[in-house]
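J.: What follows is each chain in one-letter form.
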Amino acid sequence: MPNQSTGTEAVLDLPGLQALVDALAATHTVIGPQVSDGAIVLGPLARVDQLPVGMGDDQDAGSYRLRERTDRAVFGYAASAVPAKRWVFPPREPMSRTHDDGTTVSVEPVLARPQRPVALFGVRSCDLAALAVHDRALLARPVPDPWYAQRRAGLFIVVAACTTPARSCFCVSMGTGPAPGAGFDLSLTELVEGEHRFLVTSGSPAGEQLLARLPTRAADTVDRSAADAALRQAAESMTRAMPTDGLAALLLGQPEHPAWAEVAQRCLACGNCTLACPTCFCTSIVETAELGSPVSERARVWDSCFTADFSHMHGGSVRTGISARYRQWMTHKLGAWVEQFGVSGCVGCGRCITWCPVGIDITEQARALARPAGQEPRERKP
Amino acid sequence: MSESAQEASADLDALVATGLAGLVPRPFRVDRSRRETADTVTLTLAPVTGGSLEFAAGQFTMLGVPGVGEVPISISGDPTWPDALQHTVRDVGGVSHAIASARAGDVLTVRGPFGTGWGVGDGEGGDVLIVAGGIGLAPLRPALLELLAHRHRYRTVTLLYGARTPQDILFAEELAGWRGRFDLEVELSVDYAPPSWRGRVGLVTALIASVAPEQTLALVCGPEVMMRFVTTELLHRGVPAGQIRLSMERAMSCGVGLCGHCQLRELFVCLDGPVFRADRVLGLMAVEEL
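As given, the protein sequences belong to chains B and U, one line each in that order.
According to the working numbering, the first sequence is numbered sequentially starting from 1.
According to the working numbering, the second sequence is numbered sequentially starting from 383.
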């Protein structure tokens, strides 16, 4: 049902963007993109000049480099090096504390209502799509994740439409970008030609209310067509694509395909892809106790299906080989995920490609599974 | 607060309450620890506060030791008498060692019960065949106790149990009682036996006698390889795959489908299982390291 109070368009200039950050900062902890240690990451943001002004990125299989742009764009790069998931699904989440003084034992949940909710500022459409995936995997479940539920409920999302995709990106083929889908509060499309400005669109009543308080001017046809052109150009410039046709069946039906053994010769099982992935949600519950203290704590920590321990039972691991672990990750992400949650676990952000130390390309692995066994990739006739 | 904001807040409170109920454990006191074999004990537990744990035969809990950790353990007690929570635990790792070492008065933590049950009632009016291997008898004991509590509703009830050696036989006293009943068929076999053993030696599959295939509900739990052979044998005898149920085991951390450890392709063993129809998992079990 279309919401009458959303979908308003307006134009912000750079001071207007600062006014948006200030307005958010009054009620939220604002998290936005910035340069740190040679990469664009997400962190606390107070001023728009902390954004990666005039910075771009070159991302490809196993490679990430910042580069200077010829303009002063503040959103002129692709997916940040770290995804937004840690702000709603932190790497370590205390769950409960057990007090055992030798005679009585009590267990208390650890769940503090956060004082200030988080506003994600300038995240990309792939990150937005990833949040929707997490909502299905962590909230719409028989036992929902209460910590995620609480962080997610207060979240305000300002998405920045992606106008400069990297070579690692393939969101167009996953249907998740570069224009943001539903679920944002405000969406920004940066326009650098002529006057440096941002076409802003509201996507929720909260976004609408905030937008009304900002120093905007009305959007005209020039602004709209410039934004459309920027997004169209971004979509057309995307070189990578996931061959999604029939992919789930190829994955679920070919556990013995030689491509699994082949990729295992390159995969280091380091788990970088699962850390960089905005939708990977696997965790372990760990217990910590201090000597001499009656209190022990249970916490949920990120885990990775690439570790041998991940499938460990008495008697050993189920997936001893790297081949089986890579198969688990990719089959889950693009195949089993659809069965479990009704949506693909991949949003096309390309982070697993960029951050793989040996440059394994998940889209290429998908193509390998579509080839009959024995047919080598990049085969050339003499 | 606006009406929609109030609704959203109530929804959030409900989500949080459901989540915490599944993920934060309750303390249970060990009332009794009974040694079954050299490495296996049966613990009887009662909640320190709050009500007893209603459960379906075949379900499991996340059983923990404060400061050590928790593991998924099948409930081995009587579903018709849930006041006593019983777990039969084999000492095979760090956490299970700490659990198996618990003495009367010690406090453990419990989350659950989780997962699917055997659905014993589906066998009403027909024959029920229970096939257990090793510690696999533990999750089947509740099924057998449920069958015996409503014995008149079923035709024949058969328990086939294979253990490694005579020293590894679980619930030995109870088994002796079951073998003495006229309304229950019990067959035992061991893999290895000393000369003093007068019983059968060999695989549990060899114990499968004639079955009325269409009328049989088969409940099977044991090592995966054993369950595969038993299923093959039952299918060979014409038991429909939908009437064969297997209890699967995988690594688990949360027990409620959130942590990802127990996945068997698209299945969460903790949520979709641990009890599955054989036709749901047989193909998956045939793939190495899935």
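You may find that some hints are simply not true.
[Said to hold, decoys possible] From the structure, some residues in chain U lie toward chain B, with a derived Cβ separation under 7 Å:
id: 1; residue: Gly404
id: 2; residue: Leu405
id: 3; residue: Pro409
id: 4; residue: Val412
id: 5; residue: Ser415
id: 6; residue: Gly449
id: 7; residue: Ala484
id: 8; residue: Cys641
id: 9; residue: Gly642
id: 10; residue: Leu664
id: 11; residue: Gly665
id: 12; residue: Val669
[As the list claims (entries may be wrong)] Okay, the calculated beta carbon distance ranges per label pair:
id: 13; chain 1: B; residue 1: Val343; chain 2: U; residue 2: Gln597; range: 38 to 44 Å
id: 14; chain 1: B; residue 1: Glu339; chain 2: U; residue 2: Ala466; range: 54 to 60 Å
id: 15; chain 1: U; residue 1: Gly507; chain 2: B; residue 2: Ala206; range: 57 to 63 Å
id: 16; chain 1: B; residue 1: Gly102; chain 2: U; residue 2: Arg537; range: 32 to 38 Å
id: 17; chain 1: B; residue 1: Val41; chain 2: U; residue 2: Ala466; range: 49 to 55 Å
id: 18; chain 1: B; residue 1: Ser237; chain 2: U; residue 2: Gly501; range: 54 to 60 Å
id: 19; chain 1: U; residue 1: His618; chain 2: B; residue 2: Val343; range: 25 to 31 Å
id: 20; chain 1: B; residue 1: Glu108; chain 2: U; residue 2: Glu556; range: 34 to 40 Å
id: 21; chain 1: U; residue 1: Asp393; chain 2: B; residue 2: Arg92; range: 23 to 29 Å
id: 22; chain 1: B; residue 1: Glu339; chain 2: U; residue 2: Gly501; range: 29 to 35 Å
id: 23; chain 1: U; residue 1: Glu389; chain 2: B; residue 2: Glu108; range: 25 to 31 Å
id: 24; chain 1: B; residue 1: Glu339; chain 2: U; residue 2: His618; range: 26 to 32 Å
id: 25; chain 1: U; residue 1: Ser578; chain 2: B; residue 2: Gly102; range: 43 to 49 Å
id: 26; chain 1: U; residue 1: Glu389; chain 2: B; residue 2: Arg224; range: 46 to 52 Å
[What the hints assert, rightly or not] Going by beta-carbon spacing under 8 Å, a handful of chain B positions derived as facing chain U:
id: 27; residue: Asp100
id: 28; residue: Pro142
id: 29; residue: Ser225
id: 30; residue: Thr307
Everything labelled a hint here was simulated from the structure, so no lab data went into it.
The beta-carbon is built from N, C-alpha and C at its ideal position, and this holds for glycine as well.
J.: Now tell me, hint by hint, if it's right for this structure.
T.: Comparing the hints with the structure gives:
Using the Cβ-Cβ criterion of 7 Å, the hint placing Gly404/U at the interface with chain B is satisfied: the shortest such distance is roughly 3 Å. The restraint placing Leu405/U at the interface with chain B holds, with a minimum CB-CB distance near 6 Å, inside the 7 Å limit. Taking 7 Å as the C-beta cut-off, the interface hint given for Pro409/U holds, the closest approach to chain B being about 4 Å. With its C-beta approaching chain B no nearer than about 11 Å, Val412/U sits outside the 7 Å limit, and its interface hint is violated.
Annotation: Ser415/U was flagged as interfacial toward chain B, and the flag is violated, the nearest CB pair being 17 Å apart, outside 7 Å. Annotation: interface hint on Gly449/U holds; nearest CB of chain B at approximately 3 Å, less than 7 Å. For Ala484/U, the interface hint is violated, since its Cβ never comes within 7 Å of a Cβ in chain B; the closest pair sits about 12 Å apart. Given the 7 Å rule on beta carbons, the hint for Cys641/U holds: about 5 Å separates it from the nearest Cβ of chain B.
Given hint, Gly642/U at the interface with chain B, holds; its Cβ is 3 Å from that chain's nearest Cβ, closer than 7 Å. Taken as an interface hint, Leu664/U does not check out: its beta carbon lies about 14 Å from the nearest beta carbon of chain B, beyond 7 Å. Annotation: Gly665/U was flagged as interfacial toward chain B, and the flag is violated, the nearest CB pair being 10 Å apart, outside 7 Å. Here the hint on Val669/U is kept, as its CB sits about 5 Å from the closest CB of chain B, short of 7 Å.
Remark: the range hint 38 to 44 Å for Val343/B to Gln597/U is upheld by a beta-carbon distance near 42 Å. Range check, Glu339/B to Ala466/U: Cβ separation about 38 Å, and the 54 to 60 Å hint is violated. The hint said 57 to 63 Å for the Cβ distance between Gly507/U and Ala206/B, and at roughly 58 Å that hint holds. Taking the beta carbon of each, Gly102/B and Arg537/U are about 53 Å apart, not inside 32 to 38 Å as hinted.
Distance hint check for Val41/B and Ala466/U: the Cβ-Cβ separation is about 54 Å, which falls inside the suggested range of 49 to 55 Å. Distance hint for Ser237/B and Gly501/U: a CB-CB separation of about 55 Å, consistent with the stated range 54 to 60 Å. A hinted range of 25 to 31 Å is violated for the C-beta pair His618/U and Val343/B, which are about 40 Å apart. Between Glu108/B and Glu556/U the Cβ separation comes to about 39 Å, which falls inside the hinted range of 34 to 40 Å.
The given range of 23 to 29 Å is respected by Asp393/U and Arg92/B, whose C-beta atoms sit roughly 27 Å from each other. Between Glu339/B and Gly501/U the beta carbon distance is about 22 Å. The supplied range of 29 to 35 Å is therefore violated. Checked against the given bound of 25 to 31 Å, the beta carbons of Glu389/U and Glu108/B, roughly 29 Å apart, stay inside it. Glu339/B and His618/U have their C-beta atoms about 30 Å apart, which keeps the hinted 26 to 32 Å range intact.
Roughly 45 Å separates the CB atoms of Ser578/U and Gly102/B, a value that falls within the hinted 43 to 49 Å. For Glu389/U and Arg224/B, the hinted distance range of 46 to 52 Å is not satisfied, since their beta carbons lie about 35 Å from each other. Nearest Cβ of chain U to the Cβ of Asp100/B: about 5 Å, under the 8 Å cut. The hint holds. A least Cβ separation of about 7 Å between Pro142/B and chain U falls short of the 8 Å threshold, and the interface hint therefore holds.
With a cut of 8 Å, the hint placing Ser225/B at the interface with chain U is violated, because the nearest CB-to-CB distance is about 35 Å. The interface hint given for Thr307/B is broken, as the beta carbon of that residue sits about 11 Å from the closest beta carbon of chain U, more than 8 Å.
Hints 4, 5, 7, 10, 11, 14, 16, 19, 22, 26, 29 and 30 from the earlier list are contradicted by this structure; the remaining hints agree with it.
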